[in-house]
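Chains as they are written, first to last, in full-length UniProt numbering: chain G, 1 to 367; chain W, 1 to 367; chain Z, 1 to 367; chain B, 1 to 367.
One copy or two, it doesn't matter: identical chains are merged, so the pair holds either way.
Within a straight-line C-alpha distance of at most 25 Å, the following computed DMTMM-like cross-link-like pairs (lysine to aspartate or glutamate) qualify:
| # | residue 1 | residue 2 |
| --- | --- | --- |
| 1 | LYS333 | ASP155 |
| 2 | LYS49 | GLU345 |
| 3 | LYS333 | GLU222 |
| 4 | LYS70 | ASP159 |
| 5 | LYS333 | ASP230 |
| 6 | LYS49 | ASP342 |
| 7 | LYS290 | GLU51 |
Simulated from the structure, these hints should not be mistaken for lab results.
Protein chains: 4
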Amino acid sequence: MNTTMKAVVFASPGRIEIREKRIPDVGPNDALIKITTTTICGTDIHILKGEYPVQPGLTIGHEPVGVIEKLGSAVTGYSEGQRVIAGAICPNFNSYAAQDGAPSQDGSYLVASGMCGCHGYRATAGWRFGNMIDGAQAEYLLVPDAQANLAPVPDGLSDEQVLMCPDIMSTGFKGAENANIRIGDTVAVFAQGPIGLCAAAGARLLGATTVIGVDGNARRLEISRQWGADIVLNFHDCDVVEEILRLTGGKGVDSAIEALGQQSTFESALRVLKPGGTLSSLGVYSADLKIPVSAFAAGLGDHKINTALCPGGKERMRRLMNVLQSGRLDLAKMVTHRFALDQIEDAYDLFANQRDNVLKVAIRPGV
Amino acid sequence: MNTTMKAVVFASPGRIEIREKRIPDVGPNDALIKITTTTICGTDIHILKGEYPVQPGLTIGHEPVGVIEKLGSAVTGYSEGQRVIAGAICPNFNSYAAQDGAPSQDGSYLVASGMCGCHGYRATAGWRFGNMIDGAQAEYLLVPDAQANLAPVPDGLSDEQVLMCPDIMSTGFKGAENANIRIGDTVAVFAQGPIGLCAAAGARLLGATTVIGVDGNARRLEISRQWGADIVLNFHDCDVVEEILRLTGGKGVDSAIEALGQQSTFESALRVLKPGGTLSSLGVYSADLKIPVSAFAAGLGDHKINTALCPGGKERMRRLMNVLQSGRLDLAKMVTHRFALDQIEDAYDLFANQRDNVLKVAIRPGV
Amino acid sequence: MNTTMKAVVFASPGRIEIREKRIPDVGPNDALIKITTTTICGTDIHILKGEYPVQPGLTIGHEPVGVIEKLGSAVTGYSEGQRVIAGAICPNFNSYAAQDGAPSQDGSYLVASGMCGCHGYRATAGWRFGNMIDGAQAEYLLVPDAQANLAPVPDGLSDEQVLMCPDIMSTGFKGAENANIRIGDTVAVFAQGPIGLCAAAGARLLGATTVIGVDGNARRLEISRQWGADIVLNFHDCDVVEEILRLTGGKGVDSAIEALGQQSTFESALRVLKPGGTLSSLGVYSADLKIPVSAFAAGLGDHKINTALCPGGKERMRRLMNVLQSGRLDLAKMVTHRFALDQIEDAYDLFANQRDNVLKVAIRPGV
Amino acid sequence: MNTTMKAVVFASPGRIEIREKRIPDVGPNDALIKITTTTICGTDIHILKGEYPVQPGLTIGHEPVGVIEKLGSAVTGYSEGQRVIAGAICPNFNSYAAQDGAPSQDGSYLVASGMCGCHGYRATAGWRFGNMIDGAQAEYLLVPDAQANLAPVPDGLSDEQVLMCPDIMSTGFKGAENANIRIGDTVAVFAQGPIGLCAAAGARLLGATTVIGVDGNARRLEISRQWGADIVLNFHDCDVVEEILRLTGGKGVDSAIEALGQQSTFESALRVLKPGGTLSSLGVYSADLKIPVSAFAAGLGDHKINTALCPGGKERMRRLMNVLQSGRLDLAKMVTHRFALDQIEDAYDLFANQRDNVLKVAIRPGV
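Whole structure, please, built from the sequences with the hints as guidance.
See the structure below:
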């Protein structure tokens with residue numbers, strides 16, 4: 001085995017580079033994965049543009065599919081050579097936050113390493129790959145807390161079939177799970193990018209019988225309808241709020257899922273929500289949000305607003321792969337373009353500019 | 001029995017009047033109550049000032065304690081002369097909204113009466129007394145859907161002991177119930193007026209072991225501590241957000257309850273909330289709210305925000321009266337001043353201006 | 001309109017009769033429905049055989065599809081001539097039990113009528129049609145608490161499409177809802193009669209990705225697979241407990257649904273249940289149940305056992321009809337045989353003896 | 001530091017012995033605790049009598065209070081010399097079972113060590129101390145998965161104050177948490193031994209306003225009333241089922257907690273349960289249980305039965321210690337007798353025979 005590897009690092013705002021890095025050492029609770037397939041996330045674009053700050057020189061990417069290269073001495077029940085994925089969020093399930101129900105929000109390792117003087121809970125701190133530690137857009141990835149985070153890929157599922165599990169599917173499905181959906185519900189999903197498409201599929205999987213997909217991109221709405229939306233609305237063609245209220249006889253939807261991170265989608269989600277309904281928010285907001293008092297019934301509407309960070313852990317990954325194995329959903333269709341690791345700058349360019357009807361790209365370091 | 005009664009009506013912004021009104025007829029599902037004690041709510045002050053619009057001539061007030069004067073032909077299991085209360089919110093439990101889990105949000109009677117073209121769900125429409133129909137600041141009150149809403153007062157509880165049940169206690173406790181409290185939690189309650197005091201008492205009753213009461217009024221904080229808060233913070237004396245973060249080792253509180261309806265209290269509640277925690281909002285907001293992106297972890301903090309309208313119905317009232325009977329809490333202490341119905345303008349004046357350390361007033365039509 | 005009607009009554013154990021009865025009067029909260037389609041339930045067979053006691057002379061049947069003939073004076077928002085269904089269970093949503101979360105368990109009307117000295121809660125008392133009051137196997141049916149229980153049938157759904165909503169679908173789906181199903185779960189359903197088939201379909205609708213249908217009837221297992229089971233097991237062909245443990249790698253299923261009411265199915269459901277899992281019981285048991293200590297982990301397995309009576313009410317019916325309208329499920333296929341009301345004895349004979357691969361029969365009084 | 005220590009081992013049915021054992025080595029994820037105080041549990045009596053099988057030579061006991069002697073190389077955030085407790089159940093929070101919501105039911109370490117061919121879930125396998133590995137009745141205890149299981153004891157809490165946290169309080173409180181208690185509920189707790197007393201205190205802490213303690217021991221009922229029961233019933237003096245039905249007006253209790261593990265207590269708990277209510281079972285059953293069909297409403301009562309194994313983990317322990325710190329409850333009062341480790345046979349004799357009004361004993365190895 002080599003001692004160095006190729007890795008995609010954030011160099012400076014607007015610039016990523018492929019660099020040669022030392023392959024990391026494997027501690028007792030770690031595992032080293034040889035990446036076979038990874039992808040680029042919308043968040044990576046924010047990092048590239050300098051909108052989300054990470055340390056220059058950090059390897060980016062948080063969606064790993066690979067093969068176990070080396071296991072830490074205390075990690076049991078896995079074997080080298082085994083195909084695995086790990087969630088974009090790699091929680092420390094031993095932490096207070098995890099035992100308290102919020103594994104994605106633990107920052108205890110920041111305390112341990114002196115990076116944080118806090119109590120261990122720190123919002124979004126569970127997101128380590130490509131944020132706090134070196135990430136998945138590389139030939140090798142070190143997975144911390146491997147016992148909790150390595151999820152074996154069942155035979156019969158290809159890399160591209162499971163590529164959405166670490167982030168896109170886990171996040172989108174969490175949006176549906178957070179929406180308090182019951183059988184017979186009407187659910188509107190605002191934005192039908194990869195995460196919104198998964199949220200709509202998740203809403204359907206949880207028993208919603210009228211799933212409404214909203215976007216401004218006709219191609220995405222076409223996919224939305226194919227994958228599970230009962231109704232799709234293009235905000236270029238209608239006043240979405242009015243139309244949804246009309247469709248629901250003035251009552252509003254049982255649940256609304258926000259999957260973009262903008263004031264407009266958040267506000268529309270609130271405006272179409274029935275009294276007593278749930279707004280499940282998935283977006284990453286980059287500016288203060290306004291809650292219009294009229295849309296909020298002055299705070300007296302028995303409304304619920306739930307936010308989420310992508311859930312991780314091997315049990316979560318196992319369940320998501322169950323969905324794929326069952327044939328309920330085929331997310332390999334999400335991959336529209338493929339690149340070698342060396343071509344990743346092209347991939348970023350395509351994906352960042354949403355050219356050629358790209359949904360998601362597959363990056364294959366081994367190729 | 002007389003055919004007319006005295007009733008306190010909203011005349012015009014800034015002016016209420018005592019008028020003579022016809023005692024209403026009793027339909028098959030109604031009950032007529034002779035009011036023995038009622039009170040004035042903060043909302044009534046908003047109505048008086050014209051900040052919350054009601055029809056001029058409407059009898060106001062929504063917190064009835066009384067005696068059954070006459071029962072509708074289809075109402076069973078009660079007897080005339082029986083002491084009862086009814087919730088401030090009188091839901092129609094036959095409605096879609098109630099069967100769907102949101103009894104306080106039903107407006108089906110508005111549809112039935114042609115007042116609303118909507119589907120039946122309408123935020124806050126469950127609040128009828130002194131809002132949509134004549135209210136409780138009168139000698140008699142007509143209770144609609146009486147089978148669902150009349151709650152017998154157990155022997156041994158006085159009028160003043162149960163006077164907080166219809167609104168203050170039901171709303172405050174709902175704030176605690178909506179906060180997802182678990183044994184051992186730390187809960188901060190922002191504002192310690194009557195509803196905030198009940199929310200703090202409710203949080204303690206549900207197993208919170210560190211209840212933090214926040215207000216700017218030293219007298220209310222003193223009461224807060226007597227009634228259940230473990231720690232009280234006066235925002236005139238410290239930076240409340242900083243102090244709560246310090247007290248929780250940087251982690252934040254498990255739940256925060258907002259009990260005022262201002263940007264400042266809402267925002268502070270969010271700023272002290274741990275990732276994964278719940279903000280339970282009780283306040284009536286009169287302006288758009290801002291969610292600062294920093295306090296909201298960009299939407300990635302696994303935060304939950306729950307709003308509520310006061311729950312009603314006879315089962316709710318029965319449970320609240322159980323609490324009082326058990327001796328867990330004595331809310332009669334909330335009544336600081338007493339007035340006859342004829343003196344109600346003085347009572348409004350005292351209460352609206354928060355003079356003489358008033359918490360709640362008792363209005364006694366029979367005196 | 002006539003003053004009398006034909007009705008199917010329980011005469012004595014082993015004998016039902018068609019009798020001429022007076023069409024009932026309509027009180028202020030009632031509605032009279034002209035039955036267009038109804039069906040026979042397994043419970044009716046128990047009644048016929050005298051295994052479940054009802055008053056001789058009572059009209060039986062509890063699954064009505066019909067047209068509103070006459071509305072009580074206090075019932076609003078419906079019109080005569082409108083197509084409706086009502087749940088097999090017709091709760092009084094004004095009751096303490098309903099407001100307390102158990103509408104099917106209210107017996108307040110028994111108290112009101114002097115039939116019961118209890119507090120209002122009485123197990124199964126929510127089941128009135130064909131149990132406490134005249135039922136649906138007749139030309140006309142009086143629906144009590146009509147405001148809460150009449151559910152309009154959307155245009156485009158036929159009688160046979162909605163015929164399973166009042167009982168079979170509501171019960172079966174409740175079995176799935178009570179099973180705490182999460183996305184990616186494995187769920188075993190014991191017995192694949194009409195209710196078990198609906199439970200399996202419901203489990204799938206709620207996100208289970210491995211639904212296992214168990215029965216001893218090959219024809220029903222074939223239907224089970226068509227309607228949603230991923231795996232079917234015939235207990236004549238294998239040791240079901242062993243096979244399910246094998247399929248789950250020794251872990252057991254996340255949830256098990258019992259849909260027959262026998263010791264054997266209950267016990268197998270418990271034996272295949274993972275530690276921490278939920279057993280959702282739907283069966284009507286006619287003998288004491290035994291919980292083997294070994295299957296129960298000595299009470300230390302974090303197991304949950306939930307039982308249920310069919311949920312009713314117009315909102316429940318609305319949601320179930322949503323499912324049918326959405327095309328997620330087509331329950332009209334459940335109807336295998338059709339009869340006029342006059343031929344109902346033949347229908348009972350066919351259904352009781354499970355001849356000719358009968359699943360459910362449609363009884364059509366108007367024909 | 002010595003290389004050997006004294007440890008209390010199960011020798012053969014009826015006989016425990018104090019033996020000299022080697023102080024165990026500390027792996028990367030372990031911690032070694034010097035025990036300062038421990039206690040004897042009812043389960044230890046079953047072990048002593050040979051009713052619950054453990055390997056001869058195993059050190060027994062599972063309720064440790066102590067001081068960190070040595071930390072594994074991968075354990076961070078603790079310091080040697082720190083006072084800590086660990087739960088009776090020491091879960092591996094990295095396991096599938098833990099991530100799936102059942103940390104107490106994980107047996108993945110059994111798989112890893114070849115002791116079990118199962119999938120990782122194995123009922124009660126989370127209980128390791130004194131069951132699978134050497135326990136706490138010794139001078140030193142090795143804590144596995146120490147990062148997840150070591151809980152620092154706050155200054156100001158004595159050993160005896162926190163001695164109930166690892167098992168008695170965690171189990172008893174779980175019984176209350178599993179009972180779905182809401183504000184204003186009536187809850188009956190069957191058996192008022194140490195765990196039942198904690199369950200009653202927990203029910204009160206969660207908002208039950210009528211807590212009924214049931215036992216046959218007048219001294220324990222006296223304590224029950226002092227610690228939180230509103231009503232106590234001695235089954236020698238009345239028919240408890242009849243009396244509870246009378247007290248609740250025929251309705252039954254909202255929740256019943258079983259805290260003994262006998263048919264009689266289980267059955268009484270079911271017989272007093274309202275339709276729609278929850279039976280929370282804590283007892284360790286040694287024989288098959290019977291569910292009488294009459295008490296079970298033939299399976300149609302919307303009843304819930306929840307069982308539990310004691311929850312562990314440092315967050316659980318932290319919350320329980322919060323309760324003690326808050327002064328809501330003082331469990332030091334539970335300790336009625338004190339012994340040195342050398343005297344433990346006397347302690348077993350006293351405790352097993354329930355002499356001298358013993359509730360719990362403190363064993364102090366250091367003395």
